[in-house]
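Chemist: Residue numbers (this note's numbering), protein chains in the order written: chain A, 5 to 426; chain B, 3 to 549.
Check before you lean on any hint, since a few could be wrong.
The calculated lysine-lysine pairs, modelled on BS3-like cross-linking and capped at a C-alpha distance of 25 Å, are [unchecked claim]:
1) 101/B x 47/B
2) 110/B x 85/B
3) 413/B x 403/B
4) 47/B x 85/B
5) 110/B x 162/B
6) 151/B x 118/A
7) 151/B x 170/B
8) 413/B x 331/A
9) 243/A x 223/A
10) 331/A x 159/B
11) 529/B x 504/B
12) 331/A x 151/B
Selected chain A positions facing chain B (Cβ under 7 Å, derived; list incomplete) [claimed, not checked]:
13) 200
14) 201
15) 341
16) 346
To be clear, the hints were calculated from the coordinates, so they are not data collected in a lab.
Each residue gets a CB set at the ideal place from its N, CA and C atoms; glycine is no exception.
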Amino acid sequence: MAAPSSTETETAGPRRVVLGVQEALDLDAPDLPSEPMPLNMGPSHPAMHGTVRMVLEVEGEKITTADVQIGYLHRCFEKESEHATWTQIFPYTDRLNYVSPMLNNVGYAMAVEKLLGIDRRIPERAQFIRVLIGEISRITDHMTCLGAGAMELGAFTPFLYLLKAREWLYELLEELSGARLTHSYVRIGGLTHDLTDDFVPRLRDIINRMRGVLVDCDKLLTRNRIFRDRMDGIGIISKEDAMAWGLTGPVGRSTGLAYDVRKDHPYLVYDRFDFDVPVGSVGDNFDRYAVRLEEIQQSMRILEQAMDKLPAGPFTLDDPRIALPPKSETYNSIEAMIAHFKIIMDGIHVPAGEVYSFTEGGNGELGFYIVSDGTGRPWKCRVRPPCVPAVAILGKVLPGLFIADIVPTFGMMNMIGGECDR
Amino acid sequence: MSVGVPPPVPSSPFSPAVQPPSSAAALSTETVTVTIDGRVHQVPKGMNLLEACNQAGCNVPYFCYHPGLTSPAVCRQCLVDVKGSPKPVPSCYTPVTDKMEVTTNSPKVLDVRRQMLEFTLLNHPIDCPICDKAGECTLQKLYFDWDAKLARNDGIKVRKDKVVDVGKNVVLDQERCILCTRCIRVCNEVARSPDLTFVNRGDHEILTTAPGRRLDNPYALNTVDVCPVGALTSKDFRFSMRVWELYTTPSVCTGCATGCNTEIHSSRGRVHRLVPRQNLDVNAFWMCDEGRFTYKELHQGRAVAPRAAGSPADWDSALDDAARRLRSALDAGPQRAGIALSAACTNEDLHAAACLAFDHLGIERVYLTGRPAGWHDDILVSADKNPNTAGARAIAGPKLKSAADLAADIKSGTLGALLAVGDVFDLPADVPLGRVDALVALASHMTAMAEAAHVLLPLSAWAEVDGTITNRQGRVQRLRPAIPPPGDSLPGWEILSHLARKFGAAMELDSARAVFAEAKAKHAFMKDADWGRAHLPVQLRFASSRG
């Protein structure tokens with residue numbers, strides 16, 4: 005995925021590739037005298053995903069400094085969690101990265117399970133289903149990022165195509181969980197309920213149709229001159245910077261840093277699947293686009309393997325101290341009634357201690373650092389949101405670029421306010 | 003909890019009955035060596051084995067054992083392995099002996115414990131959603147901690163009577179009863195009134211009142227506290243509130259001079275019940291039914307806004323009016339002015355009142371008022387129905403006159419001005435309060451005195467303030483605010499310091515704690531008292547697992 009060879013201008017700052025129309029414009033425009041001007045972008049701006057404010061200093065069209073300010077979508081996730089039982093936190097996690105809620109559900113559940121010491125006892129079927137819903141969420145996450153990114157550069161058609169395909173997946177998850185976006189489908193110890201009967205055939209059908217959509221989008225974007233002009237060589241991040249700033253996920257991998265939690269620290273049943281981790285070579289916006297596009301293909305590979313290997317069995321742990329007993333038991337036996345009551349009212353009793361558990365979220369390493377004091381609610385529930393480092397590095401990446409470059413650069417970082425600001 | 007015991011301590015008013023059977027006093031000072039779960043412990047000789055295990059941190063569960071009662075060893079939850087014994091022994095019924103080797107968590111013990119729970123649950127109704135005890139139920143807790151297996155039996159449960167009106171304050175659900183006998187022992191050993199018994203055998207065994215009796219003894223609601231399930235419920239509390247929603251605040255009962263330690267259980271600005279809190283030196287684990295109902299007065303007939311000359315006023319003008327009336331009366335003749343101190347007030351309020359009246363205004367007539375005396379017994383209830391008579395007597399000094407004197411002085415017209423601090427319930431109805439030229443009342447309730455007062459200054463009550471009260475033993479015990487005060491009412495010390503400012507007297511009182519410190523420095527009976535730690539209200543669902 006190296007940048008295409010073309011003429012390069014000698015400009016200070018990051019390497020900038022100039023092609024065709026742009027080159028002509030540059031030649032026509034004489035260097036007009038300019039003085040520094042502060043420019044405020046956001047917090048509400050049509051080209052910003054979510055509310056974020058950028059205080060820029062520009063000379064003409066060129067950015068000299070960029071101060072990216074986050075926090076406009078702060079919802080006190082961590083503080084609220086201290087006042088909810090362990091199970092009541094699932095709806096809050098839905099609202100972290102709200103374009104891939106299942107991944108947050110799974111990440112949180114695995115952290116609590118690790119603290120409970122039951123992480124090796126989760127039924128195999130539940131683990132496979134967690135992989136299925138997680139990879140579906142990863143695809144919806146990437147589709148949203150790519151579609152919106154293209155739309156902001158004027159390519160409306162791929163946006164509609166990708167969101168059409170995303171909607172197929174949302175409808176599938178809605179059929180499964182009852183909610184289009186705020187699924188709260190995962191539970192500590194397993195899942196709320198089993199897959200619906202037609203889940204697997206429907207998913208196979210959706211994957212087949214998605215392949216066509218992805219081919220269309222690939223044709224519309226990847227060799228599109230206008231698109232490439234805006235993406236190639238813009239917002240370059242070096243591998244060293246990626247490591248120093250803690251970049252993970254597609255943004256980190258676009259720099260060539262081949263770190264994927266699913267490969268490097270396999271969890272659930274990821275070690276049983278054959279899939280590749282795509283990496284970029286330049287670390288520019290186009291690499292971030294290309295990595296995401298390829299990751300969708302890899303996720304579909306995982307989905308197909310997981311559907312093939314999906315075992316039968318229970319969907320949740322058989323322990324009335326942790327998982328709610330079936331409703332028929334709850335209404336008809338005092339044992340299950342008490343277990344249900346205690347889990348709902350007092351919360352699961354998680355032993356005192358602390359744990360850090362991390363999974364591959366849509367934007368990279370999604371970590372939960374949880375401290376329990378032995379009661380039915382967390383003493384502390386901290387999230388490591390993967391898009392915070394990606395937003396943080398914008399202050400370094402943006403200076404030297406033009407104002408118009410902010411749109412694709414910010415878009416490809418894929419800041420999700422719900423996750424970034426918590 | 004704050005505790006200050008002044009010398010000389012009055013002779014203990016308590017019968018041995020409220021003392022727990024194996025309280026520290028009853029144990030010998032000799033120690034024996036016992037091995038519990040492989041670790042060696044030194045415990046007093048003759049100590050109950052269950053207490054020894056739990057003191058060693060081994061967490062032996064129980065239904066029928068209660069630290070304040072004798073042990074019948076009927077529930078079989080506390081069975082442990084003792085080396086040399088062919089079968090597990092009930093630890094609550096076994097005294098510790100030297101060189102005893104005990105295992106509390108062997109597979110056999112855990113299995114027996116689980117089987118006993120399964121057996122207990124066999125006929126237990128599926129009532130948690132409608133049961134008042136749910137959330138603080140011992141059966142729920144022990145099932146969750148020690149059994150946690152789903153039912154193996156789906157047979158028909160034995161049906162019994164679900165609503166038995168056993169007494170004035172208590173309702174019995176015989177299906178929920180697990181036959182632990184705690185309530186029977188509370189009646190026999192604490193209330194000394196054998197009102198309850200079992201009849202029939204096997205799974206037809208039921209709890210019922212003894213022939214010709216009802217559960218109407220003054221300590222009947224303690225049976226509800228000790229009931230490990232929801233078999234006995236309080237008529238007053240049942241179906242009014244789910245327990246896990248309640249917030250708990252440690253406090254002291256203000257129903258009489260005994261000062262039983264309590265927990266106030268409140269939610270959204272309302273107190274829902276009072277329950278006893280353990281204090282072996284005062285009330286052990288118990289309190290009387292009358293004391294539990296004192297919370298009702300918090301929400302009835304309260305004085306909520308200042309009044310001056312019969313019409314509502316803001317604080318500033320009411321205080322101005324109060325100061326003007328008292329000042330003109332004092333100018334006319336200081337010997338005709340008096341102050342009435344209610345023995346229901348906190349030490350802090352009384353100290354502030356004494357400072358204002360004696361040091362700044364030069365008032366010499368001081369009366370002790372409050373609630374009239376009532377019935378008593380030799381268990382917990384005192385004839386003195388005021389919570390702070392000891393503190394009021396010590397703070398007011400030797401010149402203290404009685405409520406009868408106050409009535410006589412008003413009738414004869416010798417009292418021209420009166421500052422009444424706290425509620426006055428013990429004046430006869432025919433006292434012509436109109437004869438007092440200047441009547442200023444600090445009152446939390448609309449008593450006759452508050453109605454007749456020229457200026458009424460609304461007072462916050464005991465569940466709304468920080469402060470201390472002194473019980474009949476001379477113990478200084480702490481009150482904490484559980485709910486916000488109604489309307490514009492303020493704590494007494496705060497009203498009195500505002501009033502002092504109107505007289506140009508500077509009393510630098512800025513918190514209850516500061517007044518406490520000042521009073522402690524001044525009065526010998528408070529010298530050992532301690533303000534205690536801060537306490538944030540805890541919701542019962544998170545106040546560790548109850549039951």
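Chemist: Now tell me, hint by hint, if it's right for this structure.
Modeler: Okay, the hints, checked on the actual structure:
no.: 1; hint: 101/B x 47/B; result: holds, 11 Å
no.: 2; hint: 110/B x 85/B; result: holds, 13 Å
no.: 3; hint: 413/B x 403/B; result: holds, 15 Å
no.: 4; hint: 47/B x 85/B; result: holds, 18 Å
no.: 5; hint: 110/B x 162/B; result: violated, 33 Å
no.: 6; hint: 151/B x 118/A; result: holds, 22 Å
no.: 7; hint: 151/B x 170/B; result: violated, 39 Å
no.: 8; hint: 413/B x 331/A; result: violated, 73 Å
no.: 9; hint: 243/A x 223/A; result: violated, 29 Å
no.: 10; hint: 331/A x 159/B; result: holds, 19 Å
no.: 11; hint: 529/B x 504/B; result: violated, 31 Å
no.: 12; hint: 331/A x 151/B; result: holds, 15 Å
no.: 13; hint: 200; result: violated, 25 Å
no.: 14; hint: 201; result: violated, 26 Å
no.: 15; hint: 341; result: holds, 5 Å
no.: 16; hint: 346; result: holds, 5 Å
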